[in-house]
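*Asks:* Next come the chains, spelled out residue by residue.
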Amino acid sequence: MSQQFYNKDDDNVVDIDMKAMRKKIFTFGPIIIIVLIIAFVLLNSIYMLENRENAVVLRFGRVNEVVTDPGLHFKVPLIDQVAKVDVRSISNMEYGFRTETPGTETQVAGYSEHEAEARIIVDGANNNASIALIELIIQYRVSNPVDYLFKVDDPEGTLRLALEDVIRSSVQSFTLDEAKTQKELIDASVLPKLQQKMIEYESGLEIILVGTQNVQFLENVEAAYQQKENANQYKNGKREDAEKYNNTVIPQAQAEATKLVEDAYAYRAEVVAGANAGVAEFNALYREYINNPDILKERYYIDSMTAFLSNNKIVVDGTAEGEIYKFYNFDDAAIKQSVTN
Amino acid sequence: MKRIAGIVFAVVIVLGLFALVNSLYIVREDEVAIVKTFGKINNVIIAFDDAEDVNNNLKRNNYPNIRVITEKGLHFKRPFIDTVERYSAKYLTYTSNTELINTNDERRIEIEMYAQYRVLDPVVFGLAVGNKVEANKRMDEYVYKTVINSANTLKFDEFFYQNTLSELLDSKKDALNEQLVAEYGLFVTDIGINRKNFPQSNVSNIEEKMAKEIEKESEKLIAEGDSEYIKAQSITDRQRAEIVSKAVENAAIIKADADAESIRIYQESLQKDLEFFQFIKRMEIYENIQGSTIFLDNDNAIFNFIGGYPAGMQPVVSDVEELETIE
Numbered sequence: 001m002s003q004q005f006y007n008k009d010d011d012n013v014v015d016i017d018m019k020a021m022r023k024k025i026f027t028f029g030p031i032i033i034i035v036l037i038i039a040f041v042l043l044n045s046i047y048m049l050e051n052r053e054n055a056v057v058l059r060f061g062r063v064n065e066v067v068t069d070p071g072l073h074f075k076v077p078l079i080d081q082v083a084k085v086d087v088r089s090i091s092n093m094e095y096g097f098r099t100e101t102p103g104t105e106t107q108v109a110g111y112s113e114h115e116a117e118a119r120i121i122v123d124g125a126n127n128n129a130s131i132a133l134i135e136l137i138i139q140y141r142v143s144n145p146v147d148y149l150f151k152v153d154d155p156e157g158t159l160r161l162a163l164e165d166v167i168r169s170s171v172q173s174f175t176l177d178e179a180k181t182q183k184e185l186i187d188a189s190v191l192p193k194l195q196q197k198m199i200e201y202e203s204g205l206e207i208i209l210v211g212t213q214n215v216q217f218l219e220n221v222e223a224a225y226q227q228k229e230n231a232n233q234y235k236n237g238k239r240e241d242a243e244k245y246n247n248t249v250i251p252q253a254q255a256e257a258t259k260l261v262e263d264a265y266a267y268r269a270e271v272v273a274g275a276n277a278g279v280a281e282f283n284a285l286y287r288e289y290i291n292n293p294d295i296l297k298e299r300y301y302i303d304s305m306t307a308f309l310s311n312n313k314i315v316v317d318g319t320a321e322g323e324i325y326k327f328y329n330f331d332d333a334a335i336k337q338s339v340t341n
Numbered sequence: 001m002k003r004i005a006g007i008v009f010a011v012v013i014v015l016g017l018f019a020l021v022n023s024l025y026i027v028r029e030d031e032v033a034i035v036k037t038f039g040k041i042n043n044v045i046i047a048f049d050d051a052e053d054v055n056n057n058l059k060r061n062n063y064p065n066i067r068v069i070t071e072k073g074l075h076f077k078r079p080f081i082d083t084v085e086r087y088s089a090k091y092l093t094y095t096s097n098t099e100l101i102n103t104n105d106e107r108r109i110e111i112e113m114y115a116q117y118r119v120l121d122p123v124v125f126g127l128a129v130g131n132k133v134e135a136n137k138r139m140d141e142y143v144y145k146t147v148i149n150s151a152n153t154l155k156f157d158e159f160f161y162q163n164t165l166s167e168l169l170d171s172k173k174d175a176l177n178e179q180l181v182a183e184y185g186l187f188v189t190d191i192g193i194n195r196k197n198f199p200q201s202n203v204s205n206i207e208e209k210m211a212k213e214i215e216k217e218s219e220k221l222i223a224e225g226d227s228e229y230i231k232a233q234s235i236t237d238r239q240r241a242e243i244v245s246k247a248v249e250n251a252a253i254i255k256a257d258a259d260a261e262s263i264r265i266y267q268e269s270l271q272k273d274l275e276f277f278q279f280i281k282r283m284e285i286y287e288n289i290q291g292s293t294i295f296l297d298n299d300n301a302i303f304n305f306i307g308g309y310p311a312g313m314q315p316v317v318s319d320v321e322e323l324e325t326i327e
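Each protein sequence line maps, in turn, to chains Y and X. Its first residue numbered 1, the first sequence is counted upward by one per residue in the working numbering. Its first residue numbered 1, the second sequence is counted upward by one per residue in the working numbering.
The set of hints was computed from the structure by calculation and includes no laboratory data. Be aware that one or more of the hints could be misleading.
What the hints assert, rightly or not - No more than 25 Å apart at the CA atoms, straight line, and that leaves these computed lysine-lysine pairs for BS3-like:
id	chain 1	residue 1	chain 2	residue 2
1	Y	Lys151	X	Lys216
2	X	Lys209	Y	Lys183
3	X	Lys90	Y	Lys84
4	Y	Lys180	X	Lys216
Work out the full structure: start from the sequences and follow the hints.
*Replies:* Right under this line is the structure:
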């Protein structure tokens, strides 16, 4: 009961307010609408442009001008449309893989492979078709905003198709080794061709960088290739071994040679000095001999015979025919010496 | 009365505005358009650069009365009577399914191709094709055929030469475009093959072949390494032998010189009295003989006085050479 009563009361209050409102709307309504329209037109006649943006101004759908200065600009309200294009920011496109979750401070980036895209034919031109898996990125940005907006239906999609075409038609004429070890060759071959295609297509895109990240082979081939790397290292190792051998043997030989020659010089010095000494000794002796030949000779003879007799075992042969050998008992050592000599 | 007049006025204003709006149309930068009057095409709006091609195409297709407008933007038409049809003027991309092709030497390659094309003549396009889906079907028929025919004439390696395929496609593109423009109002700017792969069934064979090929290269590298080592080693050995032999030779020469020198030195003074020298040297030899058993005849000169010393007797030394020694 009380609820109903209060409701009735409320209705009355609202009715009174509505009447007041209507009066206000009739007096202030048109003014508010006009103010709103003016505000809309004013707002619609200015636009802001950031440093990295260019604006393409369309008048009735036609390109009227391209504005490159950043800041505040005016346009004809309602008639001019402004399309802003970022011409500074660099975009990446990945080939053969995709970044699924970008790396952050706490998380390592996650990638997924796109094998059908990555798998390319190498060395086809030599009738030596081989397969490699390639992963690369390109960086590009918008260089011509009008072309970018109005010339190509799907600039990025077109870029991807052209990229795949250019990569494949570049790498197909490389050898396996070139593809594997000289990634910069791939980059240098892809970039100008891709840029050329983008110009032909009027895509308004500029290719800034082509960077081959990785060139791999199929599993078994990769294993064989690793072995080949090892074999290559073996070959280089052998080459180094040979050098090492040369480096040790030649100095040794030179040392040996020097020693031989120096020894010979030493021998010469000794022999010549010995000869000189002998001559000096002989000359001294000879002077003595000239003075007193017989005495010197006798003294010499006695000295040497004394030494001779005391240094050796002397057997005096008193037999007439000198046949004492037949009866003499030689010791074993003497016989041995005699036989071996 | 006053209220009815107000309503009529409002209706007229609204109709007038509607008619005004309906008599204007905008062709955007990336559009081409045709204007029809009760279904009959009167005007065509295209880019300035395409005017000549479109004019020629209209003549060829017997539409000489259609007016070609080469400015985009705001245009007028008769309200309610004229209708406008717009098509995209952008380059559209056609992509094919994966197709298996055979080269001239019977090798199979899986390819995917793409083409960049656009609506050149909206009149013919509007009549014969009408929308993007149909346009892609035409591409499927014409571009696909052109690529397949080109690939079939090439050998496998030619298919992969740097420019052979693209030049072949370029040469066929003009004929293709003539037909496409005339019949469908479409113009192809580029045909490319974005994907070339071996059929999956061939991959394991190729993998095996590649691995074998590389293994061969490994073996070759190892053999080369061994051979290089042996070569280098024998060169080193030869150099060593040369160095040492040369030194041996030099040493021998030096020693021989020394010997000659010493003989010369001896000669100079020994020539004074060779006999005395011989005596002295022999005495030295006897002195140096040690530890041997020597047989001496008892008539040896050394024993001359063993039986007593007769007066005036001289010792004899000439028999020394008759010594017999056993070392």
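*Asks:* Holds or violated: are the alpha carbons of X/Lys209 and Y/Lys183 at most 25 Å from each other?
*Replies:* The given pair, whose Cα atoms are some 24 Å apart, holds under the 25 Å limit.
*Asks:* Please verify whether Y/Lys180 and X/Lys216 have alpha carbons no more than 25 Å apart.
*Replies:* Answer holds: Y/Lys180 to X/Lys216 is near 18 Å, not above 25 Å.
*Asks:* Quickly compare the C-alpha distance for X/Lys90 and Y/Lys84 to 25 Å and report which way the hint goes.
*Replies:* Measuring from Cα to Cα gives roughly 19 Å; hence the hint holds.
*Asks:* So if I understand the rule, the pair passes when the alpha-carbon distance is 25 Å or less; does Y/Lys151 with X/Lys216 pass?
*Replies:* Status violated; Cα separation ~52 Å.
Going through the hint list in order, the structure does not satisfy hint 1, though it satisfies all others.
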